[in-house]
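Asks: What follows is each chain in one-letter form.
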Amino acid sequence: MRYKLLTAALAATAALQFAGPAAATDLEVTHWWTSGGEAAAVAELAKAFDATGNHWVDGAIAGSGGTARPIMISRITGGDPMGATQFNHGRQAEELVQAGLMRDLTDVATKGKWTEVVRPKSLLDSCTIDGKIYCVPVNIHSWQWLWLSNEAFEKAGVPMPKDWNEFVAAAPALEKAGIIPLAVGGQAWQSSGAFDVLLAAVGGTDTFLKVYKDKDAKFAAGPEVAKVFKAADDARKMAKNTNVQDWNQATNLVITGKAGGQIMGDWAQGEFQVAGKTAGKDYTCLPGLGLNEVIATGGDAFYFPVLKDADKSKAQDVLAETLLDPKTQVAFNLKKGSLPVRGDVDLNAANDCMKKGLAILAKGAVIPWTDQLLSQDTQKQKEDLFAEFFAKPELTVEEAQKRFADLIASAD
Amino acid sequence: MLPALRMQGRERTALTQPADEMSKSERPNPLFRNLNAKVASIPMILTAVVVFVGGTLWTVLYSFTNSKLLPRLNFVGLDQYYRLWATPRWLISIENLLIYGAISLVFSLVIGFLLAALLDQKIRFEDTFRTIFLYPFALSFIVTGLVWQWLLNPDFGIQHVVRDLGWTSFSFDPLYNSSIVIYGISIAALWQGTGLIMCLMLAGLRGIDEDIWKAARVDGIPMWKTYLFIVIPMMRPVFITTLVIIASGIVKVYDLVVAQTSGGPGIASEVPAKYVYDYMFFAQNLGQGFAASTMMLLSVVIVIVPWAYLEFGGRKRV
Chain F
1 MRYKLLTAAL AATAALQFAG PAAATDLEVT HWWTSGGEAA AVAELAKAFD
51 ATGNHWVDGA IAGSGGTARP IMISRITGGD PMGATQFNHG RQAEELVQAG
101 LMRDLTDVAT KGKWTEVVRP KSLLDSCTID GKIYCVPVNI HSWQWLWLSN
151 EAFEKAGVPM PKDWNEFVAA APALEKAGII PLAVGGQAWQ SSGAFDVLLA
201 AVGGTDTFLK VYKDKDAKFA AGPEVAKVFK AADDARKMAK NTNVQDWNQA
251 TNLVITGKAG GQIMGDWAQG EFQVAGKTAG KDYTCLPGLG LNEVIATGGD
301 AFYFPVLKDA DKSKAQDVLA ETLLDPKTQV AFNLKKGSLP VRGDVDLNAA
351 NDCMKKGLAI LAKGAVIPWT DQLLSQDTQK QKEDLFAEFF AKPELTVEEA
401 QKRFADLIAS AD
Chain E
1 MLPALRMQGR ERTALTQPAD EMSKSERPNP LFRNLNAKVA SIPMILTAVV
51 VFVGGTLWTV LYSFTNSKLL PRLNFVGLDQ YYRLWATPRW LISIENLLIY
101 GAISLVFSLV IGFLLAALLD QKIRFEDTFR TIFLYPFALS FIVTGLVWQW
151 LLNPDFGIQH VVRDLGWTSF SFDPLYNSSI VIYGISIAAL WQGTGLIMCL
201 MLAGLRGIDE DIWKAARVDG IPMWKTYLFI VIPMMRPVFI TTLVIIASGI
251 VKVYDLVVAQ TSGGPGIASE VPAKYVYDYM FFAQNLGQGF AASTMMLLSV
301 VIVIVPWAYL EFGGRKRV
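If you read the protein sequences in the order shown, they are chains F and E.
Position one of the first sequence corresponds to residue 1 (our numbering), numbered consecutively onward.
Position one of the second sequence corresponds to residue 1 (our numbering), numbered consecutively onward.
Certain hints may be false.
Covered by chain E, per the in silico footprint, the following chain F stretches (three or more residues, Cβ under 8 Å) [to be verified]: (1) 67 to 77; (2) 370 to 380; (3) 390 to 397.
No wet-lab data here; the hints were simulated from the structure.
Note that beta-carbon positions come from the ideal geometry of N, C-alpha and C, so glycine has one too.
All chains should be built: construct the whole structure from the sequences, respecting the hints.
Replies: Take a look at the structure:
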């Protein structure tokens, strides 16, 4: 963590030196991108913004989104807004927008023809409230990936699995070789996210939407979802020896071959890249766990709080344009391991896994993600449930499903 | 009363009252007694009323609303409380608080008093020992938590050291075991807190008159009996102060848990203060957070009110 902070700080100082002419306007940008791959990506954004003659003041907040968001929100509601801030687009900033604390970007969007270039359309939809656009999506992050360590499977002497079921079947062999079959970090959002991925992969797209979009509690208590809980039960048994907290520590177990695999979003790919690993040779990725090849269009977006200073407001417009600039999009997303939000950019430099993602995106096999479908309140309750489920073997599958159905019944 | 103040009072009465009533107004209005002191305490009174009482009432009021990210006066009755008491995580938090509270109360009093009594035996290097025992208190709970997180980590803490010494089946990983994790947290809290309790107790012991000891010795009362039946009852005020300090530490425990386990494994080491924080800021559900904090306040009130009544209500203090 220390090292990552340092990297972020270095990136910030590097950005300082690029500062343009005297007319430059300082704009503080807060975000929670502090791991190695993330810091490298955010430095690209800073470089692009500084090239416009303005100055990116880096406000990285270490921890994770869960730590950073309360700080960002209390700064905005407390009357000390930053120039721009990251959120996951969807419902995290919904109330801030409704309270009139965020800038309406519709003019910039019309000028840049965002409605035509941003793909898939659902991204811009989740930035839109009452017909006005309030945020700039910068990337598409999908959770639906299973990252496998080639080394671990070689050591255990089993062939690389092609989907989740084969992976579960290979688990005993991995355990015998002293390898943790599945790495799941101790933080609540990781176990909760893993379940959501299983819901979409094992249950299928319709099941996923019926539970989280229609919030059908009866269905959530039914046999379709019971199958998913069975899979989650497999997952927690495979993960029981993971003694790490952070997601990147868990990814590191896969990178070093101490764990067989990890269910994690495509941001894990940045870590593989920083470690100098090659997709296909050192690690293998299975979108949709190899069962249901869809990707969710969650991701990161920048919101711009309303500022009094006219110069800063102008700089906000420039930043909004810069973020969607094709060149920035490519440079940023290659480092970040995420997919660009524009369909018209050239991504030949992308690696195997990203290309798989792009192909799925081109087919249009996309689903909305929980950030867009559920309120933070429901998300938190879900996290509490799955944190308990993964850590406590005594909590039975039936009991957990019952509590899950109750949660869906009261979800908003 | 200060002479200057009395002068002021006289002048005022001289100005406002007819001269023949002057003798009657010799006794000033009680409201103006100690006027300087009263004026000086206005800022603190305002702080207490506006920030503490006002903030508390505001929180209780909004706990009956369905406020999400921003406070809104949209009343929903007791819904937030029904939901709170149906939430497994809250129930676990309460249970943990009770266990943690019982442990810290009993052990910090017992260990603190024993250490103080031992130090009180006119031993050599007393200052050195006192410093050593009090030192952990200089660390914040966050630092304490991190240190003990490492010590209790099975891969490079105590378990690892003992296994390296040859006992390969030795197992000690309280922070990774749901059923005993709260005891692991209590160990760190005791390590940090008993030093202070020891100092308070030592101060109390030093306050006991030497003659009492002599008298007890003359009567042939054994030392442990002297402590138990004479000294401890005489230290009642010190015990009450200590009790208040320990109890407030128990109810507000938060940072220690965050640093050691962040509530894990799963939700096995959650505490009420963390529930409040998580639901107010992570879940963006102020109403639920306020309801939980109101319940915390209520638990404090239930403890404090009967005690305050017994202490101050029944009889006049001498």
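Asks: Quick check: the segment 67 to 77 of chain F, covered by chain E? Criterion 3+ residues, Cβ under 8 Å.
Replies: holds (count 5)
Asks: Report holds or violated for chain E covering the segment 370 to 380 of chain F, Cβ cut-off 8 Å, minimum 3 residues.
Replies: holds (count 5)
Asks: Under 8 Å between beta-carbons, do enough residues of the segment 390 to 397 of chain F, three at least, approach chain E for the coverage claim to hold?
Replies: holds (count 3)
The structure is consistent with each of the numbered hints, conforming to all of them.
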